[in-house]
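Asks: Next come the chains, spelled out residue by residue.
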Amino acid sequence: MSKNRLIAIILLFTSVLIGYFSVQIEDTKFPYKFGLDIAGGTHLVYVADTSKVESSEISESMSALRDVIEKRTNLFGVAEPLVQTEEGSGLDGHRLIVELPGVTDISQAVEMIGQTPLLEFMLVQEISGEAIPLEQGTSTIDQEEPEVAFLDTGITGGVIEKAQLQFDSTTGEPAVLLSFNTEGKKLFADVTKKNVGQVLAIFLDGQVISTPVIREEINDGKAQISGSFTPQEAKTLVRDINYGALPLPIELISTQSVGASIGAETLEKGVNAALWGLLLVIVFLIVWYRLPGLLASVSLLTYIALILSVFKLIPITLTSAGIAGFILSIGMAVDANVLIFERLKEELKNGRDIDSAIREGFSRAWLSIRDSNISSIITAVILFWFGTSLVEGFALTFGLGVLVSMFTAITVTRSFLLAISPKKDTPFKRFIFSSGLKGKEKIN
Amino acid sequence: MFVINHKKIFFIFSSLLVVSSIFIISIFGLNFGIDFKGGSILEVAYLNEEHLAIEDLKIDLQKLELGNLTVQETTFNDPQGDVNGIILRTKNLTELERESIISVISQNNQYQIEQKRYNSIGPVIGEELKGKALWAILVVVIAIILFVAFAFRKVTEVANSDNKVSSWKYGFAAIIALVHDILIPTGVFALLGHYFITYQIDSVFVMALLAILGFSVNDTIVVFDRIRENLSISKKEIFSETVGKSLKQTITRSINTSLTTLTVLLALYFWGGEATKQFALILSIGVVVGTYSSIFLASPLLTLFQKRK
Numbered sequence: 000m001s002k003n004r005l006i007a008i009i010l011l012f013t014s015v016l017i018g019y020f021s022v023q024i025e026d027t028k029f030p031y032k033f034g035l036d037i038a039g040g041t042h043l044v045y046v047a048d049t050s051k052v053e054s055s056e057i058s059e060s061m062s063a064l065r066d067v068i069e070k071r072t073n074l075f076g077v078a079e080p081l082v083q084t085e086e087g088s089g090l091d092g093h094r095l096i097v098e099l100p101g102v103t104d105i106s107q108a109v110e111m112i113g114q115t116p117l118l119e120f121m122l123v124q125e126i127s128g129e130a131i132p133l134e135q136g137t138s139t140i141d142q143e144e145p146e147v148a149f150l151d152t153g154i155t156g157g158v159i160e161k162a163q164l165q166f167d168s169t170t171g172e173p174a175v176l177l178s179f180n181t182e183g184k185k186l187f188a189d190v191t192k193k194n195v196g197q198v199l200a201i202f203l204d205g206q207v208i209s210t211p212v213i214r215e216e217i218n219d220g221k222a223q224i225s226g227s228f229t230p231q232e233a234k235t236l237v238r239d240i241n242y243g244a245l246p247l248p249i250e251l252i253s254t255q256s257v258g259a260s261i262g263a264e265t266l267e268k269g270v271n272a273a274l275w276g277l278l279l280v281i282v283f284l285i286v287w288y289r290l291p292g293l294l295a296s297v298s299l300l301t302y303i304a305l306i307l308s309v310f311k312l313i314p315i316t317l318t319s320a321g322i323a324g325f326i327l328s329i330g331m332a333v334d335a336n337v338l339i340f341e342r343l344k345e346e347l348k349n350g351r352d353i354d355s356a357i358r359e360g361f362s363r364a365w366l367s368i369r370d371s372n373i374s375s376i377i378t379a380v381i382l383f384w385f386g387t388s389l390v391e392g393f394a395l396t397f398g399l400g401v402l403v404s405m406f407t408a409i410t411v412t413r414s415f416l417l418a419i420s421p422k423k424d425t426p427f428k429r430f431i432f433s434s435g436l437k438g439k440e441k442i443n
Numbered sequence: 000m001f002v003i004n005h006k007k008i009f010f011i012f013s014s015l016l017v018v019s020s021i022f023i024i025s026i027f028g029l030n031f032g033i034d035f036k037g038g039s040i041l042e043v044a045y046l047n048e049e050h051l052a053i054e055d056l057k058i059d060l061q062k063l064e065l066g067n068l069t070v071q072e073t074t075f076n077d078p079q080g081d082v083n084g085i086i087l088r089t090k091n092l093t094e095l096e097r098e099s100i101i102s103v104i105s106q107n108n109q110y111q112i113e114q115k116r117y118n119s120i121g122p123v124i125g126e127e128l129k130g131k132a133l134w135a136i137l138v139v140v141i142a143i144i145l146f147v148a149f150a151f152r153k154v155t156e157v158a159n160s161d162n163k164v165s166s167w168k169y170g171f172a173a174i175i176a177l178v179h180d181i182l183i184p185t186g187v188f189a190l191l192g193h194y195f196i197t198y199q200i201d202s203v204f205v206m207a208l209l210a211i212l213g214f215s216v217n218d219t220i221v222v223f224d225r226i227r228e229n230l231s232i233s234k235k236e237i238f239s240e241t242v243g244k245s246l247k248q249t250i251t252r253s254i255n256t257s258l259t260t261l262t263v264l265l266a267l268y269f270w271g272g273e274a275t276k277q278f279a280l281i282l283s284i285g286v287v288v289g290t291y292s293s294i295f296l297a298s299p300l301l302t303l304f305q306k307r308k
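So the protein lines, in turn, are chains W and X.
First residue of the first sequence? That's 0 in numbering that gives the first Met the number 0, and the numbers climb one at a time after it.
First residue of the second sequence? That's 0 in numbering that gives the first Met the number 0, and the numbers climb one at a time after it.
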């Protein structure tokens, strides 16, 4: 057996193995990963209000925000939530992207994220008495009460380590005991020291919930909120603070939600389209390119097995756009083969025997294959950079498809062709190695 | 070669298509999807046969005063058989507004409904995406002209003195073909979008345009590659003969690759999901136009550039 045939057999065997791996849908170690538009779920985009934060601290606050929201989504039992911050050129403000697979009840999702309380401590200053110029971060409240301004102290839910529920031993009223972290402890001591006798208002989501007077410097890092709430409200507050108060206020600016049934339908249709497309391409290849066409079909199947395995191994999150990119790549993967076969035909026409025509065809087609594929890869890279999740999915499967198909065309198709290349030409052999709707290419 | 000898006819034909596309785009404007202008799409299925008549639903929805909204009837394939449903397009909704719409559609839970798909995009994100899309197209076009000029940098070395055409001109010819290839599908969509609300210029459309760019330049490069090869082999031929010969040698390949690509795209159109139908349609138009332009436009243009020297 010749070396070429041995290589071809090894390749074929490997392809079958890879193919077997790629059709293992129930595989738990390397499952296919599907995007929200197929698996069903909700995709939320929030914009964070960073106007009150020093620009040097924004990225830190954003990652704190991310952590808090991730904690909350985990708490509500969402499997594999994805929470990520997004910032960069061309973006207006700082974004937070939340992906919740399997969650299709948007109200519930928005509630679980957005209702996290924003806890703030603000100093109360009366304006009516002495005219204190208002600084940034202050606001006035309604006219009925004496005119006051609230001065931001920088103490927020973000510097609280934990909250505990307590009941006053005499009145039985519920109270919430807050313990600050190191940073909060220092800040709190500082604020209370400078403002003895002042009112330190505690805001929850912009509403005043307590207005204690600072009696002395508090440096043990503990504060108590008591007053206008029921035991149930106090309990909720404790839970919310412990599970994460938001370090920054956020606003929902985009929502996408896809039901699981419609996603399953998208996948089923995508698979159907891929199978039909594949079948039609194979029919075309065999009718037009005869024996080399059959080999190209085997090479195409190898390509599909290989790329599906790559999807599983990396893993690539498959979306409907990604599936479209993959299906498009099936059509374009054939291109390298077509280039080679057309060259093969020309070389046969020029009077070469089959074996040398195959070798010559490959080496001559290579430049075209290389240049045309590079241009496709450039497009894929720029598409990926364009970077909405939709287009990214397409660019990734399409770009990978171009790379992998170039590989299969120049290795698999080549090995197969060389393996069956005859030592002696006969009219029949020349016929099955030719292409087109007409008969065999004659020797000039 | 027929194509080179009659290149004027093809130039006129292409120019007519491009001019009418530009004309249609400027008259009708572009029907932007919600991801480019902001807005919401809500798809709801009625799980029971009985549901509110669409006219009554429209009247009730108008009462919410959400501005412009359109209601479109549709059917959803469900495991238990097809069910009726609606697709609602509105401005960008807040969560409260969405909930009130849902309760109108279900008539306060009188009818059993299922929200199949919901998409709401703020105008800020829309503007941002539109800007990004324009940039992406521009960057692809520039990257391609650079790549072609680079890949064919030695083309003047191999050619004889009469056939020397700068590699930048190859890049420029490719770009004219590309502009042609994206203007025509855009014109078709401007026309369709004027009459049918579903044909929209959105991220999916831009994605398809970029794929067209990739496909078309791929095709053009293969022809140029052959021209380069022939220039170095047969130095006695005049330029237009070499171009004609190269076209003849690559035309089967161009058509066959387009056919296989078109085949999978049509499969995607007929068997694929709703989300990718439009994509398949635009790209199919683009593949046809792109193949046409690489054969009848880009290469004949080269002979024109050569003569202009």
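No wet-lab data here; the hints were simulated from the structure.
Errors might be hidden in some of the hints.
[Said to hold, decoys possible] BS3-like, lysine-lysine: derived pairs with alpha carbons at most 27 Å apart:
{"no.": "1", "chain 1": "X", "residue 1": "Lys247", "chain 2": "W", "residue 2": "Lys348"}
{"no.": "2", "chain 1": "W", "residue 1": "Lys348", "chain 2": "X", "residue 2": "Lys276"}
{"no.": "3", "chain 1": "X", "residue 1": "Lys244", "chain 2": "W", "residue 2": "Lys348"}
{"no.": "4", "chain 1": "X", "residue 1": "Lys247", "chain 2": "X", "residue 2": "Lys7"}
{"no.": "5", "chain 1": "W", "residue 1": "Lys428", "chain 2": "W", "residue 2": "Lys348"}
{"no.": "6", "chain 1": "W", "residue 1": "Lys234", "chain 2": "W", "residue 2": "Lys311"}
{"no.": "7", "chain 1": "X", "residue 1": "Lys234", "chain 2": "W", "residue 2": "Lys348"}
{"no.": "8", "chain 1": "W", "residue 1": "Lys32", "chain 2": "X", "residue 2": "Lys276"}
{"no.": "9", "chain 1": "W", "residue 1": "Lys234", "chain 2": "W", "residue 2": "Lys423"}
[To be verified] Footprint (simulated), chain X over chain W, 3 or more residues, beta carbon under 8 Å:
{"no.": "10", "region": "14-27"}
{"no.": "11", "region": "96-110"}
{"no.": "12", "region": "253-263"}
{"no.": "13", "region": "270-284"}
{"no.": "14", "region": "299-311"}
[As the list claims (entries may be wrong)] Under 10 Å between C-beta atoms, here's a sample of chain W residues computed to sit facing chain X:
{"no.": "15", "residue": "Asp48"}
{"no.": "16", "residue": "Gly92"}
{"no.": "17", "residue": "Phe166"}
{"no.": "18", "residue": "Asp167"}
{"no.": "19", "residue": "Tyr288"}
{"no.": "20", "residue": "Leu290"}
{"no.": "21", "residue": "Leu293"}
{"no.": "22", "residue": "Ile315"}
{"no.": "23", "residue": "Thr318"}
{"no.": "24", "residue": "Gly330"}
{"no.": "25", "residue": "Leu366"}
{"no.": "26", "residue": "Ser367"}
{"no.": "27", "residue": "Ile368"}
{"no.": "28", "residue": "Phe406"}
C-beta: ideal position from N, C-alpha, C; glycine also.
Asks: Please name the hints from earlier in the document that this structure breaks, with their numbers sorted from lowest to highest.
Replies: 2, 6, 9, 10, 14, 15, 17, 18, 20, 21, 22 and 28
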